[in-house]
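Trainee: Chains V and A supply the protein sequences, listed in that same order.
Each step along the first sequence adds one to the number in this note's numbering, with nothing skipped, and position 170 is 170.
Each step along the second sequence adds one to the number in this note's numbering, with nothing skipped, and position 44 is 1044.
Hints are computed from structural coordinates only; laboratory data are not their basis.
Here the structure is a predicted model, which is why all the values come from computation and not from measurement.
Some clues are possibly wrong.
Distance ranges between label pairs, derived from CB positions [said to hold, decoys possible]:
id	chain 1	residue 1	chain 2	residue 2	range
1	A	Glu-1004	V	Arg-69	50 to 60 Å
2	A	Ile-1016	V	Arg-132	47 to 57 Å
3	A	Asp-1044	V	Trp-129	30 to 40 Å
Example chain V residues on the side facing chain A (calculated, C-beta under 10 Å, incomplete) [unchecked claim]:
id	residue
4	Phe-11
5	Leu-200
6	Leu-225
Ideal placement from N, C-alpha and C gives every residue a C-beta, glycine not left out.
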Amino acid sequence: MKKLVSAPALFIGAGVFLITGLMLAFWYSPVDSSSMGFSQKIFYYHVPIAETALVAFGIAFVAAIAYLRTQDLKWDRLSYVSVRLGLLFSILVMLTGMIWGKAAWDTWWAWEPRLTTFLLVCFLYAAYWVLRSVVDEEQRRATYAAVFAIIAFINVPITFFATRFLPEGLHPVVISAGGTGMEGSMFVSFFISMIGMTLLLVALTRRDLAIENLKDRVTDLKTSLGG
Amino acid sequence: MTIEEGVKYVAAAYAIILAVLVIYYFMSARRVTALQRDVQLLEDEAKRLQTPVGEAGAE
Chain V
1 MKKLVSAPAL FIGAGVFLIT GLMLAFWYSP VDSSSMGFSQ KIFYYHVPIA
51 ETALVAFGIA FVAAIAYLRT QDLKWDRLSY VSVRLGLLFS ILVMLTGMIW
101 GKAAWDTWWA WEPRLTTFLL VCFLYAAYWV LRSVVDEEQR RATYAAVFAI
151 IAFINVPITF FATRFLPEGL HPVVISAGGT GMEGSMFVSF FISMIGMTLL
201 LVALTRRDLA IENLKDRVTD LKTSLGG
Chain A
1001 MTIEEGVKYV AAAYAIILAV LVIYYFMSAR RVTALQRDVQ LLEDEAKRLQ
1051 TPVGEAGAE
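Build out the structure end to end from the sequences listed, making use of the hints.
Mentor: Right, dumping it as structure tokens:
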């Protein structure tokens, strides 16, 4: 039973990095000199959350392939949990992005490449949930969900590269092959927040997997007891 | 944008992030605890049903 529970150390580690990143963002990194000014401080959590969401969808993609190869339901559970967390992080990205958009561009929403493709990602993975809810049989549900997770992932690299392929949008390209495009102190704050958010994703994935395993155990026990 | 103008947007963004993550953390922790309790109860019930009546009475 103990093995099923997430290690508290991961949550503590995530908390330490996230709080440190936040403190550095406000007390170490300078206020942005562009027109964004103080609202640029949203960047230090907004971008790590966005990248973590895309990583979660990447894990769902890999787990979906692993399920189709092995038919082992543990991969289906990992894919399902990753999509759930990816969606949670995506909703946070959308909300904080809208707030930042209002502050920086004076608009809550714009149909520009990054925002539009990210919204499409959210809708696709929301549809993944709907798909799971309408199929009762476990193996068939897992197979359909895996195929859908693989197809839905096609939009993830499109979202990531949208600002690079279509630079006329509002989103600036901050991190590229040529460098980070930000001051050293800004990058340190960003990088620490990025580590914290990644650790949080790992910790939440472990805990959510524990929940799914426990739910399966409850179902098995109820079945064996005849109820 | 000045600090005075930007602070309400920054505060709102971080408040949403932290509130959602903290609520999710505690909700998932409660879910684990509740499910562990359910598993324990069901395992106890399964053990009780497997134990022959005479043995259970002797205990």
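Trainee: Answer holds if the nearest beta-carbon of chain A is closer than 10 Å to that of V/Leu-225; otherwise answer violated.
Mentor: holds, 6 Å
Trainee: Between A/Ile-1016 and V/Arg-132, does the beta-carbon spacing fit 47 to 57 Å?
Mentor: Violated, since A/Ile-1016 and V/Arg-132 (Cβ atoms, about 27 Å apart) do not stay within the stated range.
Trainee: Taking 30 to 40 Å as the stated bounds, is the beta-carbon spacing between A/Asp-1044 and V/Trp-129 within them?
Mentor: holds, 34 Å
Trainee: Hint validation: V/Leu-200 versus chain A, beta carbon distance must be below 10 Å. Holds or violated?
Mentor: holds, 7 Å
Trainee: Answer holds if the nearest beta-carbon of chain A is closer than 10 Å to that of V/Phe-11; otherwise answer violated.
Mentor: Where the cut-off is 10 Å and the nearest Cβ of chain A is about 7 Å from V/Phe-11, the hint holds.
Trainee: Is the hinted range of 50 to 60 Å satisfied by the C-beta distance from A/Glu-1004 to V/Arg-69?
Mentor: holds, 57 Å
Hint compliance for this structure: hint 2 is the single one not met.
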